[in-house]
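> Please construct the entire structure, taking both the sequences and the accompanying hints into account.
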Amino acid sequence: MSALAYDGAAMVGRQLRRVRNSPGLAVLTQLMPVNMLLFFGYVFGSALAMPGPEYRSFLVPGLLVATAAGGLMTGMFQAAADTHRGVTDRFRTMPVSRAAVPLGQAVADLVVTALGTVPLLLVGLAVGWRVEGSAAGALGAVGLLLLFRFACTTVGIFLGLLTRSEDAAGQLGASSFVLPLLSDAYIPTGNLPGWLRTLAEWNPISAVTTALRELFGNAPVPEGAAWPVAHPVAGSLAWSALLIAVFLPLAVHRYGRG
Amino acid sequence: MTTTYAVLSEGLEKRFGSVPALRGLDLAVRQGSVCGLLGPNGAGKTTAVRVLTTLLRPDAGSARVAGHDLVRDAAAVRRGIAVTGQYASVDGDLTGRENLRLFARLHRVRGPNDRAAELLDRFGLTEAADRRAATYSGGMRRRLDLAASLVRRPEVLFLDEPTTGLDPVSRNGIWQAVRELTADGTTVLLTTQYLEEADQLADDIVLMDRGRVAQTGSPAELKALFGRHVEAVVAGPHALSKAAAVLDRLTGTEPRFDHERHTVGALTTDPTLTLPRLVRELDAAGVPLLDASLRPPTLDDVFLRLTGSAA
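Chains A and B, in that order, give the protein sequences. If you use the working numbering, the first sequence corresponds to residues 1 to 258, in order. If you use the working numbering, the second sequence corresponds to residues 1 to 311, in order.
Some clues are possibly wrong.
Okay, the calculated bits of chain A under chain B, using three or more residues with CB under 8 Å as the criterion [what the hints assert, rightly or not]: (1) 9-17; (2) 84-92; (3) 122-135.
To be clear about the criterion: a stretch of chain B counts as covered by chain A if any three or more of its residues have a C-beta under 8 Å from a C-beta of chain A, and this derived list gives those stretches [claimed, not checked]: (4) 21-33; (5) 91-105.
What follows is a set of in silico ranges between Cβ atoms, one per label pair, in the way DEER data are often shown [stated by the list, open to error]: (6) VAL221/A x ARG131/B: 47 to 57 Å; (7) ARG15/B x SER22/A: 48 to 58 Å; (8) SER165/A x TRP175/B: 55 to 65 Å; (9) THR135/B x LEU199/A: 39 to 49 Å; (10) SER218/B x SER165/A: 36 to 46 Å.
By construction, these hints were calculated from the structure, which means they are not laboratory data. We put the CB at the ideal spot given by N, CA and C, even for glycine.
This is the structure:
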């Protein structure tokens, strides 16, 4: 266990140094959700039934979760790039704890995500989003968000180790952009036709988004929703736990097997 | 005293789907020696190295590497080996210094920062130490790769095509570093496309072909197996077959043609074949001879004979 902690810490350090060495990439990654907040909030939002300020408050938690779901893409791309460039194999031939490499990547990603969320929150505040609930609730919301990010990154790392190709990972990652579109991240699911609504509400992104809206006090839990959305905090915890329980062992196993 | 082997494998087999890559590989690499692993593309060199460095599990057979069983005790093997090459690389997003510090930490080297500085100095990378490795030239990148393998002295170092694509000066630098290492007692298993490199560095050569060992020996032994190389350069393509007939008769081996250079060559083990006799026989046959030579074979000649293809 101490070997895992020591190697894991070294791997976290590695990932953080990489970000520090190429800060441009991190900045670009953070521009995306900010742009989307402005476009969706003002351009698309004007076509919705919901009043603008209300929609932007509704949208900020959605974008936070959609960005967290991007851990799938980031995790996959990094793992695939490391594998493709032979870095993963280098580690595999060294006496390094087997779980340290995937875990180190996921933990370092959390640190980067936590920092990277700040610009979106600041722009959110500027367009009228507020924490309307308790401080404890807000902290809980941040905790749920990071837990969900960790889960998504874990899935991504496994897929990245599986594909081994930066190109394939890039393509797959780009298509993961649609995942939040089929959830309540950008629109309320209440008006969707029945089967589509069910699908959207069983999307893990919907549970976490609803939980954030409830904990930040931005919007109430919709009525008559599927279980994960009707019980959003429990639903978010369950989804994240399930993803981590399945994909973390798979990622560690896949890394170890080569 | 009995010979100890740093790498000893018996009957290693590995297949990918229905394609066999290793078909019973028996290797014995003496401790402290440099073993050159050669073979045409597809001979199984890369698979052999991947199996011996614990990256792939063999389907059958057994091996001991750095004193430990490859399959049962892979973790112990990893403590004794280092791997440098095309498929085991440093992190291009980190600087040279950060890479070496990271590897030193992972190897539990005391004073990782000092060790990194020492290696940067030894490999002439101090000036570039704080640049991202992705910005390094090919030669610098290889030196960093090699330095990363030496943060802690390995018992067995696997060098996979360490100088492919390097200019002669960089290549000499890498060769020098490898020689210094073996002087310290490290065993090196080297794969290379350059037979000259194997000739320069290797104590023993293992020629692989179709997943097995085709031939082993020191460079001198391998060359001696084939005696001397006879070569005739003629005035035009029309004279090649005539010259080939003479060489065939004199050496008893099938001549090889180089049509572009109007050259035909063969290997001979006949000690009575001298240069004057060669020239007389070719002249008597009416071959318009421009140049003739009788010299020890290069490893290239040996390689072509054994595997029927270029390295």
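> Is it true that the C-beta distance of ARG15/B to SER22/A lies inside 48 to 58 Å, as the hint says?
For ARG15/B and SER22/A the Cβ distance comes to about 40 Å; the hint is violated.
> With a Cβ-Cβ cutoff of 8 Å, does the region 91-105 of chain B contain at least three residues near chain A?
holds (count 9)
> Between THR135/B and LEU199/A, is the Cβ distance one that fits in 39 to 49 Å?
47 Å, holds
> Could you check the hint for me, namely that SER218/B and SER165/A are 36 to 46 Å apart, CB to CB?
41 Å, holds
> Check, residue by residue, whether the region 122-135 of chain A contains three or more positions whose beta-carbon lies closer than 8 Å to a beta-carbon of chain B, and give the verdict.
violated (count 0)
> Does 47 to 57 Å hold as the CB distance between VAL221/A and ARG131/B, or does it fail?
Holds - the Cβ-Cβ distance for VAL221/A and ARG131/B, about 53 Å, lies within 47 to 57 Å.
> Starting from the hint 55 to 65 Å, judge whether the C-beta atoms of SER165/A and TRP175/B obey it.
34 Å, violated
> Counting residues of the region 84-92 of chain A that have a beta-carbon nearer than 8 Å to any beta-carbon of chain B, does the count reach 3?
holds (count 7)
> Per the coverage rule (Cβ-Cβ under 8 Å, at least three residues), is the region 21-33 of chain B covered by chain A?
violated (count 0)
> Has the region 9-17 of chain A got at least three residues whose CB is nearer than 8 Å to a CB belonging to chain B?
Since three or more residues must qualify, the claim that chain B covers the region 9-17 of chain A holds, with 4 doing so at under 8 Å.
Going through the hint list in order, the structure does not satisfy hints 3, 4, 7, 8.
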